[in-house]
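Number of protein chains: 2
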Amino acid sequence: MTTHRLYLSVALNSTGSAARSWAAPGTRWNRFADWNHYLRSAQLAHEGVFDIVFVSDHPALQRDNTSRPIHSFDPTVLFSAVAATVPDIGFLLTASTSYNSPYNLARRLATLDHISGGRVIWNVVSSFNPDIAANFGAAPLPERAERYRRAEEFLQVVKDLWLSWDTPAGPAPQGALWDETTARRIDHHGEFFDVAGPLNVPIGPQGHPVIAQAGASDAGIDLAARHADIVYASLLHKQSAFDYQARLRERALAHGRDPGDIRLLPGLTVILGATREEAYRKHEALHGRRGEDGLIADFLRRNWAVDLDARIDPDVPLDPALFAYTEDQKRPVGFVKSFAELAAAEPVTPRQLVRRVEGGHRLAVGTPREVADTILDWWSSGAVAGFNIHIPVLPDGIAEFNEKVIPLLQEAGAFPTAYDGSTIRERLKLPDPRSR
Amino acid sequence: MTTHRLYLSVALNSTGSAARSWAAPGTRWNRFADWNHYLRSAQLAHEGVFDIVFVSDHPALQRDNTSRPIHSFDPTVLFSAVAATVPDIGFLLTASTSYNSPYNLARRLATLDHISGGRVIWNVVSSFNPDIAANFGAAPLPERAERYRRAEEFLQVVKDLWLSWDTPAGPAPQGALWDETTARRIDHHGEFFDVAGPLNVPIGPQGHPVIAQAGASDAGIDLAARHADIVYASLLHKQSAFDYQARLRERALAHGRDPGDIRLLPGLTVILGATREEAYRKHEALHGRRGEDGLIADFLRRNWAVDLDARIDPDVPLDPALFAYTEDQKRPVGFVKSFAELAAAEPVTPRQLVRRVEGGHRLAVGTPREVADTILDWWSSGAVAGFNIHIPVLPDGIAEFNEKVIPLLQEAGAFPTAYDGSTIRERLKLPDPRSR
Ligand SMILES: Cc1cc2nc3c(=O)[nH]c(=O)nc-3n(CC(O)[C@H](O)[C@H](O)COP(=O)(O)O)c2cc1C
Ligand SMILES: Cc1cc2nc3c(=O)[nH]c(=O)nc-3n(CC(O)[C@H](O)[C@H](O)COP(=O)(O)O)c2cc1C
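Chains as they are written, first to last, in full-length UniProt numbering: chain H, 1 to 436; chain P, 1 to 436.
None of these hints come from the bench; they were simulated from the model.
Check before you lean on any hint, since a few could be wrong.
Computed footprint of chain H on chain P, listed as stretches where at least three residues anywhere in the stretch have a Cβ under 8 Å from a Cβ of chain H [unchecked claim]:
#, stretch
1, 59–68
2, 97–103
3, 340–348
4, 381–395
Model, not experiment: these values are computed from the prediction.
Ideal placement from N, C-alpha and C gives every residue a C-beta, glycine not left out.
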């Protein structure tokens with residue numbers, strides 16, 4: 001099912017999606033610690049008429065200190081400063097249901113939704129990293145099933161809180177400011193939470209924030225089918241996108257929702273060159289490498305901790321057993337399943353793979369025309385509603401994308417030339433939760 | 001001990017410090033739900049060269065719906081949007097150690113400290129309202145002693161986290177971005193918290209946020225003596241301020257701190273008129289009343305839930321027994337103790353009391369000259385470092401204070417005419433925590 005137009009989001013984490021983007025020539029290596037860097041990136045995204053800026057999040061300093069610290073500033077506080085100065089664009093921010101309390105998070109997101117005039121999207125994650133658990137107590141990370149039960153209950157509580165106190169409008173009331181009909185306790189008592197309410201922030205401009213979800217396990221898909229307006233994913237093959245939509249549709253129908261209200265926006269890493277060869281050389285340079293063999297060695301080491309040696313032929317299709325995953329593995333299902341599906345759909349050699357995946361997401365490496373065409377192809381065939389674009393080196397990579405790719409998408413009539421709708425909910429053509 | 005100059009903070013909560021400020025003539029009654037109202041208030045405070053804007057906080061919708069909803073937007077998110085657009089001024093925001101986790105709160109405050117360029121002050125509270133507890137679980141509000149033990153441990157953890165990862169500066173490092181000497185785990189294991197660290201936000205422009213505290217029980221004073229740079233309080237009598245300082249000094253010395261590093265900034269509600277009579281009429285009108293008897297009736301009902309009737313003579317000093325408090329009462333000690341001390345220092349009739357207290361804080365009601373004089377009197381005698389000004393009707397009351405009172409303080413040489421210092425720590429002349 002094709003959306004009336006293509007939607008584009010862009011990831012603003014740290015210095016860019018490339019692990020060594022911090023050291024990229026012509027950049028300030030420590031710009032991840034300067035909030036003006038994020039502001040500048042968001043301003044560029046606004047110039048490009050991007051619908052959304054995105055940040056993923058983990059409340060822990062990552063261990064790999066050769067990479068950039070991908071998660072640093074708190075997303076709600078960071079995006080609030082950006083929202084105060086950058087109009088129109090939506091703010092997709094990640095927050096964990098395992099390491100927050102529903103009242104506090106509901107309140108922060110509602111506050112940001114007011115400040116931004118209804119431009120907030122919450123990417124609901126349940127966290128999977130044991131380093132995070134260690135910052136929040138002695139208990140280990142709960143099992144996936146428990147995390148998702150908590151996520152489900154968390155979402156219900158937060159949605160109830162968000163609608164618990166009506167936005168005051170109209171002439172000044174007489175006597176009392178509110179009463180039980182406009183500020184209702186929610187009196188939730190569940191497995192994980194007891195929350196009285198009401199929330200002390202009134203209903204915001206778009207009813208409540210839009211919900212995004214990225215978990216790809218069965219429990220993740222089920223959560224998305226119940227609650228998500230946007231689904232973010234790692235999808236390396238077009239058929240995988242159709243399959244993902246089919247899974248979502250089936251579960252959404254089972255929960256009585258209209259599957260047409262869910263927008264699939266997988267990640268897409270973009271590396272541009274005037275020619276494909278130039279783009280390939282840029283790709284290698286991002287890894288601090290010359291030639292494809294360097295890329296392949298990097299890839300094997302990062303993904304499976306194996307060295308490129310005589311036992312691996314870069315031109316022989318990889319053993320699909322490498323991509324095995326189970327529903328109860330610790331790592332997110334999505335990032336492994338995407339490889340498995342690609343390898344199942346077509347034999348793929350290491351040499352091919354490194355040009356198709358970058359930073360866990362599908363890679364579009366080539367000329368602006370080639371990149372625009374692959375975006376348009378997936379969108380016009382109805383595989384996706386759009387993409388979450390990963391830019392290897394921020395902020396300049398956004399300016400390059402704006403200049404070279406956006407006009408091609410606009411010429412194709414797929415992407416707008418100006419902002420429409422005042423809230424992100426309107427722009428995404430999603431139903432208003434107040435009408436439920 | 002007199003500070004080299006007077007410090008002024010102004011409270012930005014809701015529609016103003018007057019309970020019925022929402023309905024004040026010439027104002028938009030529902031402006032508490034519009035973040036531009038807070039922005040406008042902060043801009044006015046900046047025009048007045050105020051050192052600090054302040055918000056108190058309770059994560060619950062208050063029950064008294066005839067008053068304004070005094071706590072709504074999340075302070076960290078709200079002040080981030082304000083900090084992005086208003087320079088110089090400090091941001092004093094309240095957050096509870098009982099209903100947050102140290103890692104998340106440390107991260108949010110550190111993020112805001114980066115965004116604001118080192119202008120954050122955290123008002124550490126342990127919460128006392130059972131309505132808050134009901135938004136965060138089935139457990140009742142813990143006893144004061146437990147809350148303060150938790151607050152002490154919380155502060156230690158947060159301070160350790162804030163100094164756990166060095167601000168990156170200088171030329172790009174070779175190879176790795178950080179190592180164990182610049183990003184240290186804190187590995188805290190205590191009664192309430194287990195936190196591994198390091199924080200994923202590097203050290204900010206002022207080392208870490210400045211600490212403020214307002215609890216007046218013995219445990220509260222002890223927490224302030226260990227950690228606070230600023231002490232906020234309700235003090236109705238000058239001698240009480242000296243006594244409060246003496247208590248703080250004694251405890252600070254016991255903990256090996258320099259008591260001169262603690263700035264006492266009690267609250268002061270200001271109501272201005274061209275004449276004192278005009279100010280008195282404004283005071284009455286704020287309560288929707290004519291004449292002093294209306295004020296007295298309001299006061300008795302709000303504070304002791306008693307009606308003004310034949311048994312109470314407004315011109316007979318109040319029975320000091322009315323002001324009894326115990327260290328284990330549920331209400332904050334500070335707001336009760338202040339009355340008790342006033343009544344002990346001099347006999348005070350209801351008629352006198354209503355002109356000396358407003359919204360729990362000392363009231364200065366009169367001409368700009370009278371208000372400036374009482375501010376200068378307390379400050380120049382060394383009773384206080386300054387005041388946290390409560391404005392009955394926001395935002396216009398700030399403009400009035402700027403126009404009428406600030407120039408008198410400046411003429412007296414007590415208050416600056418422009419901002420000095422780049423961080424709030426510098427402006428307050430406080431030691432840098434990195435040098436400890
Ligand atoms: C594309 C994508 C992006 C994700 N971003 C985050 C993130 O920023 N933070 C996080 O804690 N988890 C993130 N996750 C993980 C989850 O959303 C989910 O909590 C985790 O994958 C475990 O669930 P799963 O096994 O159902 O995938 C992401 C997953 C995918 C596929
Ligand atoms: C002037 C003043 C302002 C306060 N502001 C807040 C506040 O905004 N939020 C809060 O939860 N407690 C607030 N408190 C209460 C506390 O700081 C403290 O948690 C409470 O008073 C219990 O401690 P105590 O009995 O030591 O005073 C305030 C207290 C005073 C005296």
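8 Å C-beta test of the stretch 97–103 of chain P against chain H, three or more residues: holds (count 4)
Three-residue Cβ test at 8 Å for the coverage of the stretch 340–348 of chain P by chain H: With 0 residues in contact (Cβ-Cβ under 8 Å with chain H), the coverage given for the stretch 340–348 of chain P is violated.
Coverage assertion for the stretch 59–68 of chain P with respect to chain H, Cβ distance below 8 Å, three residues required: holds (count 8)
Annotated coverage of the stretch 381–395 of chain P by chain H, confirmed only when three residues or more have a Cβ within 8 Å: violated (count 0)
Figure legend: structure checked against the earlier numbered hints; hints not met, in rising order: 3 and 4.
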